[in-house]
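J.: Sequence:
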Amino acid sequence: MAWSIQRAILGLLTLLYLYITVSSLERHAALARPDTVPQARQSRQTVSEQEFQTAQASTQQIWSDLRKDEPSWRESIIDARPNGLPATAWHYFKIAFRALFMNAPTRTPGTENAKLSSKLQEAVDGLTRAAVADPDALFLLAEMNFYGNFSHPRRPKRAHELYSELAARDGNATAQHMLGLLYATGIGDAVEIDQAKAQLHYTFAAEQGEVRAEMTLAHRYHMGIGTAKSCEKAVEYYKRVADKSMDWWLSGPPGGHLIQRNAYRWVDEAGGAYGEGASWTSSGPFAPGKNTVYESFDNVLEYLDMRERQGDYMASLTLGKHFYEPPRGFRRNLKKARSQFMKVATSYWMRDGTVNPKRPKNIEKTAAKAAAYIGRMFLRGEGMEQNYEKAVTWFKRGITNGDAFAQYHLGLMYRDGLGVPKDGIRAATYLKAASEQQLGVAQSALGVLFLDQGDLDTASRYFELAKNFGVMEGYYYLAEFANQGLGRQQNCQHATTYYKIVAERAETLHSAFVEANSAYEKGDYERAFVASIMAAEQGYESAQANAAFLLDQKTAVFSVPMLPIFPNPLESVPPAQRTKLLDNARLAQVYYTRSAHQQNIDSLIKAGDYHRLGIGTPTRTAPIKSNKTTASTEAMYSCYSTAAEHPNAAQALWNMGWMHENGIGNVEQDFHMAKRYYDLAYEMNKEAYLPVKLALLRLRARSWWNGVSGGKVKPMEDEDEQQKKNRPKSLTEWLGRFLDAAVEMEAQDYAEQQRQGEYGDELDHVAYGEPGMPGGDNEYYYSSGVNRNGEGGAGGDEFYDDFDDGLIESMIIIALAGALALLVYVRQQRARDARERERQAAAGGGQQQQQQQQQQPPPPPPPPQPQAQQEQQAQLPGQNGGFFPNPGDPEYPNWVVGGVGH
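Residue numbers (our numbering): 805 to 1706.
If you are wondering where the hints come from, they were derived from the structure by calculation, not from laboratory data.
Cβ coordinates follow ideal geometry from the N, Cα and C atoms, glycine included.
Hints are all accurate, no fakes.
Keeping only pairs whose Cα atoms sit at most 27 angstroms apart, straight-line, the calculated DSS-like set for lysine-lysine is: (1) K1140 x K1125; (2) K1147 x K1169; (3) K1384 x K1326; (4) K1236 x K1194; (5) K1236 x K1226; (6) K919 x K961; (7) K1048 x K1033; (8) K1169 x K1200; (9) K1147 x K1125; (10) K1162 x K1147; (11) K1139 x K1169; (12) K1140 x K1165; (13) K1125 x K1169; (14) K1326 x K923.
Label-pair restraints from in silico Cβ distances: (15) G1514 x G1327: 54 to 62 angstroms; (16) R1504 x E1550: 29 to 37 angstroms; (17) L1501 x I1063: 47 to 55 angstroms; (18) G1056 x I1229: 20 to 28 angstroms; (19) G1056 x K1497: 51 to 59 angstroms; (20) V1104 x I1617: 48 to 56 angstroms; (21) S1034 x G1514: 56 to 64 angstroms; (22) V1547 x D1051: 56 to 64 angstroms; (23) D1220 x Q999: 41 to 49 angstroms; (24) F1101 x G1327: 15 to 23 angstroms; (25) E1550 x E1449: 12 to 20 angstroms.
Take the sequences, apply the hints, and build the full model.
T.: Structure, rendered in structure tokens:
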């Protein structure tokens, strides 16, 4: 009863808070608007139907006229790969210039105060008049001021006023979402950052089904941004988006919509945040091979066309696949794709479906794949009229040569009754055949078939197999199983991870990566930033890295003014004209931190750089150059040390060497430790030869001077001398060092936990991250416990509990194995002693028998015995060791180790 009363009181207080907040927003909007806009606050009921229709018609006409004058934006992304020697030279010159002086794109002056053209001003005036009666006109004005559509200047403050007006008028969901974005980011200094208000507006929008707000709220609840962390709430909102994503995917042609991934990190195209070879994303296994050749897509098509002219049918098929599923940024060409597939298929089959007797050699598999694609295009009505009958014909042709893609599609047709009677048995037969050839979509479809039959265990196994191939449908049903506890234990973390993957696949529903990529390639960085920041708030790691890259304040490795031929683009822009939208170091640090939380190692090191340089902090500080311990030095050390634990993070190892060389923060100055880190950086990445060698030369000079001047810093030592000096002299000393090291590690772990609690959750986000979901865009396969990025289904305490239990079990197993080995050793020793005694006895008895034989004549030979009697005597127990084999018997080793023979 008391709990019910408390809940009722809490609900009343929440409603009161929402009413006060909305009222304050309305008053703020009324005070901030010019005199021409307050009339738009009239409700829909105060306007007559005729006035509303007139205003709506005026809005539609203005919008149509503006669209005609809008500059055309190509949907395909401009290919940045160079062609020809001059273009290639210029391309790599720009890369070298950026690596030396720049790691942020050039910025253009802002246009907030630009004057409107007469035609645009006339359109704005018309929309302002229509906004009195038509909310769509108000919405269009707000969008123009925020996005800069139709060449209108970006005015975030004015956009905030208009969105507030629209939200206060009828609670428009899009306006609520945009207000949440403005309060969450403070973009363009429109408002002060207020995560509580952002959470409120996002909630208002999400409750009206705004999918972008639902996606953002899910990420905020999972990360604890502006609210307490809640796995249950994160699952709730991620499930909403995942359900809509699956509905969208299933609403497409048979087999679902074609999912094209447009999210990628822009900085990775230039070799990473620190340049090619120095960045984590372009070194180690991610580094291009020595013989790798980067070519434009046009060059690839040209090469395949050349191979096709030489009679390579696999090249013809590959060309068709490129036209059917083009790379990111290119449009599909279904007409050319069909032509290529038909070219391959007709070289194997005649018009009547019989095999061509003059077919080329070894074309069977290639022709089968082409037939499967032709059948798929007939099934889905892509580039041709949908025809189930022809689709079945082509699928059967592909199946005759065992093509898994054809088997999958024909199984899909029998499962769903597409042009053929529904037949679960035949569907399962085809899908199982395709699944056995490791086709992920077939495994997922077979899982759905078993799920319809109520066989949860079998369905779950097939969904697990499909997940390994990144199939969205498999992830979705695994999320449902984990969320509802179907056939397994309920697991909120796994459900969150899987729902997030499904939600992020449907980019078309809630993200604008195509627009962002196109704007970035064209050099309109403000437009690219506005489109990216929404996806960044939704939890896309690539978008977070892109937004941070555009806002990055670290623009030069050394002073550029000393080289007048290389002017600094930032300094070439007068401060009064510099864009405010991209001048936000604090927001850059936030997105680097969030990207690092999703295990982008370059972003983690960048976050450490921001703490080292004192930029992006609430109160900007001077760069760290002393050994004074502060929150910034602690954060910097956490970033660098955590990044150094990951493979291929040579930059982080070099930074750790620099900290030990100079004794920065809480790191003790230690030349020998600095040398070890520098050496590890070179071992990790051979391309770091020059910076490491220069650092070592400087370090040796400092170490020599430290020794000459009587300094107290630990000097550099050769590894051989150090190993000889530190080598334990006895077993007791070795055990003592082992125990001391264990105690020291435990003390360091305890101190680290205390330090994390002292400096709050922000450092946890930066350095270690929270258990949860991956956000990356390159890989979708994560194991069920802890994924490759260090995030997992279980919390930190549960992970260490499992670790302790596993350690105890391992120690018990090792002890049992040692006892067994000891028993085997004892048995072998006893058997060896027994064989020695028998050998000695046999030697002594043989000498006596030889003496007796010399004294007595030899006895006559015994009469022959039947073979059966000999075998019986050979099997009598008690002779030559009884039931146990003799040491010379082939079965004796098996008996010794406890195998057969006893």
